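*Asks:* If you want the building blocks of each chain, they are given just below.
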Amino acid sequence: MSTKPKTEADTAPILKSANIKKFGLFTDETLEFAPGLNVFIGRNGCGKSHLLKLLYTLVKECGADPSNGSVLEAKKLEHRLAEKLAGVFRPEDDRIGRLVQRGQGGRSAEVTATFSNGQQCGFELTSRNKIKEARSSVAQLQEAAFLPSREVLALYEGFVAAYEKRELSFDETFRDICLALSEKQLRGKRDVALDFLVKPLEEEIRGKVSLEGGRFYVSGADGSIEAHLLSEGWRKLAALAQLIINGTLTKNGFLFWDEPEANLNPKMVVQLSDTLLRLANQGIQIFVISHDYLLTTRLSLASEYPAAIPEDMRCLVKFFGLARRGSDERGVSIGSGSTLADLTDNPILAEYAALYDYEGSLFEKNQTRD
Amino acid sequence: MLPSMITKAVCSRRTKLATEFMITSLDVENQRFEFGEQWSVAFKYDDTAFYRKEANRLQGDIGGIPHSTKAVDIVGVHDVSGLLLLEAKDFRRNRIANKPRIKGEVAVEVAFKVRDTIAAFLGASRKPVDEFPAEHLAGALQRGAKVTVVLWLEDDSFRDSDHAKQTLSVLNGELKSKLAWLNVKTFVLSSNVANRLPNLKVSNLPSASQPNS
Numbered sequence: 001m002s003t004k005p006k007t008e009a010d011t012a013p014i015l016k017s018a019n020i021k022k023f024g025l026f027t028d029e030t031l032e033f034a035p036g037l038n039v040f041i042g043r044n045g046c047g048k049s050h051l052l053k054l055l056y057t058l059v060k061e062c063g064a065d066p067s068n069g070s071v072l073e074a075k076k077l078e079h080r081l082a083e084k085l086a087g088v089f090r091p092e093d094d095r096i097g098r099l100v101q102r103g104q105g106g107r108s109a110e111v112t113a114t115f116s117n118g119q120q121c122g123f124e125l126t127s128r129n130k131i132k133e134a135r136s137s138v139a140q141l142q143e144a145a146f147l148p149s150r151e152v153l154a155l156y157e158g159f160v161a162a163y164e165k166r167e168l169s170f171d172e173t174f175r176d177i178c179l180a181l182s183e184k185q186l187r188g189k190r191d192v193a194l195d196f197l198v199k200p201l202e203e204e205i206r207g208k209v210s211l212e213g214g215r216f217y218v219s220g221a222d223g224s225i226e227a228h229l230l231s232e233g234w235r236k237l238a239a240l241a242q243l244i245i246n247g248t249l250t251k252n253g254f255l256f257w258d259e260p261e262a263n264l265n266p267k268m269v270v271q272l273s274d275t276l277l278r279l280a281n282q283g284i285q286i287f288v289i290s291h292d293y294l295l296t297t298r299l300s301l302a303s304e305y306p307a308a309i310p311e312d313m314r315c316l317v318k319f320f321g322l323a324r325r326g327s328d329e330r331g332v333s334i335g336s337g338s339t340l341a342d343l344t345d346n347p348i349l350a351e352y353a354a355l356y357d358y359e360g361s362l363f364e365k366n367q368t369r370d
Numbered sequence: 001m002l003p004s005m006i007t008k009a010v011c012s013r014r015t016k017l018a019t020e021f022m023i024t025s026l027d028v029e030n031q032r033f034e035f036g037e038q039w040s041v042a043f044k045y046d047d048t049a050f051y052r053k054e055a056n057r058l059q060g061d062i063g064g065i066p067h068s069t070k071a072v073d074i075v076g077v078h079d080v081s082g083l084l085l086l087e088a089k090d091f092r093r094n095r096i097a098n099k100p101r102i103k104g105e106v107a108v109e110v111a112f113k114v115r116d117t118i119a120a121f122l123g124a125s126r127k128p129v130d131e132f133p134a135e136h137l138a139g140a141l142q143r144g145a146k147v148t149v150v151l152w153l154e155d156d157s158f159r160d161s162d163h164a165k166q167t168l169s170v171l172n173g174e175l176k177s178k179l180a181w182l183n184v185k186t187f188v189l190s191s192n193v194a195n196r197l198p199n200l201k202v203s204n205l206p207s208a209s210q211p212n213s
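Protein chains in written order, with the working numbering: chain A, 1 to 370; chain B, 1 to 213.
Derived from the structure by calculation, the hints contain no laboratory data.
Treat the hints with caution; some may be incorrect.
[Unchecked claim] Taking lysine-lysine pairs in the DSSO-like style, the calculated list, with each CA pair at most 30 Å apart, reads:
#1 A:75 to A:132
#2 B:44 to A:365
#3 A:16 to A:132
#4 B:185 to B:201
#5 A:267 to B:178
#6 B:201 to B:103
#7 A:199 to A:184
#8 A:21 to A:184
#9 B:178 to B:44
#10 B:53 to A:365
#11 B:103 to A:267
#12 B:178 to B:201
#13 A:365 to B:146
#14 A:132 to A:199
#15 B:127 to B:185
#16 A:267 to B:176
#17 B:146 to B:185
#18 B:146 to B:53
#19 B:178 to A:365
#20 A:267 to B:99
#21 B:176 to A:365
#22 B:185 to A:267
#23 A:184 to A:130
#24 A:165 to A:184
#25 B:185 to B:44
#26 A:208 to A:130
#27 A:16 to A:251
#28 A:130 to A:76
#29 A:365 to B:201
#30 B:146 to B:201
#31 A:251 to A:208
#32 B:178 to B:146
#33 A:365 to B:103
#34 A:184 to A:208
#35 B:103 to B:178
#36 A:199 to A:21
[To be verified] Computed Cβ-Cβ distance ranges for the label pairs, DEER-style:
#37 A:102 to B:96: 33 to 39 Å
#38 A:368 to B:162: 22 to 28 Å
#39 B:100 to A:358: 46 to 52 Å
#40 B:96 to A:311: 22 to 28 Å
Only a predicted model underlies this, so the values are computations on that prediction, with no experimental measurement involved.
Every residue, glycine too, gets a C-beta built ideally from N, C-alpha and C.
From just these sequences and the hints, can you work out the full model?
*Replies:* This is how it looks when you write it as structure tokens:
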């Protein structure tokens, strides 16, 4: 047994569940999260990115004030939530009321998040762009990082300054992640836990990540190469390595990642899958959106065979399948389970089946035509 | 057209139906394969005397590892789709034991069987074999001629057809890759998905539903 004294990170709460009413496509959904890895799958346009951004907004803004540890008073929280929703979702003219589900009469959305220690936060969002009834009893939370599907290392240089001048049409998650990436790497000898998380990534990108003069570099046997000259896949893994090395991703912290597999070759996807499991094993709560068969299947297998995978990759995994309801009903339905097989609607699998049918039809034509 | 002697030999197991159509019925791995009139040839190759007594004499140990000559279950020739090499596997009720095979190994097994079967056709065409049309089959392998390899696979996990298609698709990718050198069309089928082979009816035999002894 470890006799190490408990730190703030050891006791910081993570997300346990969220209830979302009339927000975007979510009519009334309660999601119970895994403390480890949460994977959202579904066809385009069924609200996955909105869900990820909403959860990010909650954990980014609802934790107690880091300067004095006190919970946020309602007015301050309402202001912060309104600004964050406007920045993260970028509705037209900052009209956050557009996020409320469309319908007749006066409308409002309600969102409540419950954390692992039972503390809650929530708010009401009216179609008139107002945040009301904001409340939070949540203690200080660890850092939350949101990695967009587009890699950010190459656009890092000068991004934050340009963003603050409103010269860029990117959403605020890009600014936030650039700020997180700019954090200095932890000094001194890397501890063992950090090293085993970062080393496989460094082996994959063949070097160590560094930030010099506002630019990212990867330095290895081939010398120092600026991030712009690396493949997009490498830049994504390098960004993840930087977030680990600079301490952004710590125990009980949060990682949100929209389509991490984009621009990664299958070998890198395998590396990514193992890294996500290791990060979750280290206590980082992860939320990812994926359309990738290989990534989701590997995570599902890790969940199905926990005793057969390396101990440092064991964690609780939960899959959420989002699907649009029939045309006569509003919104989306959400199914969940610990493996892909538990989902009744799995669009990735359905596309595989459709591909098989397509090949079958071509094969059949070939059989019957001269 | 096939020489009449060969046709007769091949059709020896055919049954004449009231409709006057000739059906060749072959039972393999708890499945009944009924080849209709468009199939001029249909027989169980691994049951032939040529395979059992001639081709399969090529076996022995190399470095302590036993090697033998393999054979596909069924060989057919269709009027349009040409030569068919079909291997049937029934993993039902033995799912655990067959788990590694269904993840890809079975496709490799079939590819080796195909290799050995076409090599045997060439051998048979050079010998006085009359139980199947050896020369015709060897000729059906020439450039430009259609050749199809099918793995017909049954597994308990295929009850959900989307899951079945996922596995069948992966196995077909493997089979296609292993037989790329032969320039053939491959497909992996099962009773829970659409049958893509022309003029062929496939059904479960009663033995398919009997409990494992």
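*Asks:* Is residue 365 of chain A within 30 Å of residue 201 of chain B, Cα to Cα?
*Replies:* holds (17 Å)
*Asks:* Against the 30 Å threshold, does the CA-CA distance of residue 199 of chain A and residue 21 of chain A hold or violate the hint?
*Replies:* Violated - the C-alpha atoms of residue 21 of chain A and residue 199 of chain A are around 42 Å apart, more than 30 Å.
*Asks:* For the pair supplied as a hint, residue 165 of chain A and residue 184 of chain A, confirm whether the alpha-carbon distance does not exceed 30 Å.
*Replies:* holds (24 Å)
*Asks:* Are the Cα atoms of residue 178 of chain B and residue 146 of chain B separated by 30 Å or less?
*Replies:* holds (18 Å)
*Asks:* Can the restraint linking residue 176 of chain B and residue 365 of chain A be considered satisfied, given a maximum Cα separation of 30 Å?
*Replies:* holds (18 Å)
*Asks:* Would the hint linking residue 185 of chain B and residue 201 of chain B be met if the CA-CA limit is 30 Å?
*Replies:* Holds, at about 20 Å.
*Asks:* Hint check: residue 184 of chain A vs residue 130 of chain A, CA-CA at most 30 Å. Holds or violated?
*Replies:* It is violated: about 37 Å lies between the C-alpha atoms, which goes past 30 Å.
*Asks:* Would you mind confirming whether the straight-line C-alpha gap from residue 75 of chain A to residue 132 of chain A stays at or under 30 Å?
*Replies:* holds (9 Å)
*Asks:* When you check the alpha-carbon spacing of residue 53 of chain B and residue 365 of chain A, does it fall within 30 Å?
*Replies:* violated (38 Å)
*Asks:* Below or equal to 30 Å on CA atoms is what counts here, so check residue 267 of chain A against residue 176 of chain B.
*Replies:* Distance ~22 Å between residue 267 of chain A and residue 176 of chain B Cα, so the pair holds.
*Asks:* Is it true that the CA of residue 178 of chain B sits at most 30 Å from the CA of residue 44 of chain B?
*Replies:* Holds, because 23 Å separates the two Cα atoms, which is no more than 30 Å.
*Asks:* Regarding the pair residue 127 of chain B and residue 185 of chain B, is the alpha-carbon distance no greater than 30 Å?
*Replies:* holds (28 Å)
The structure fails to meet hints 8, 10, 14, 23, 26, 36, 37 and 39 from the earlier list, while all remaining hints are met.
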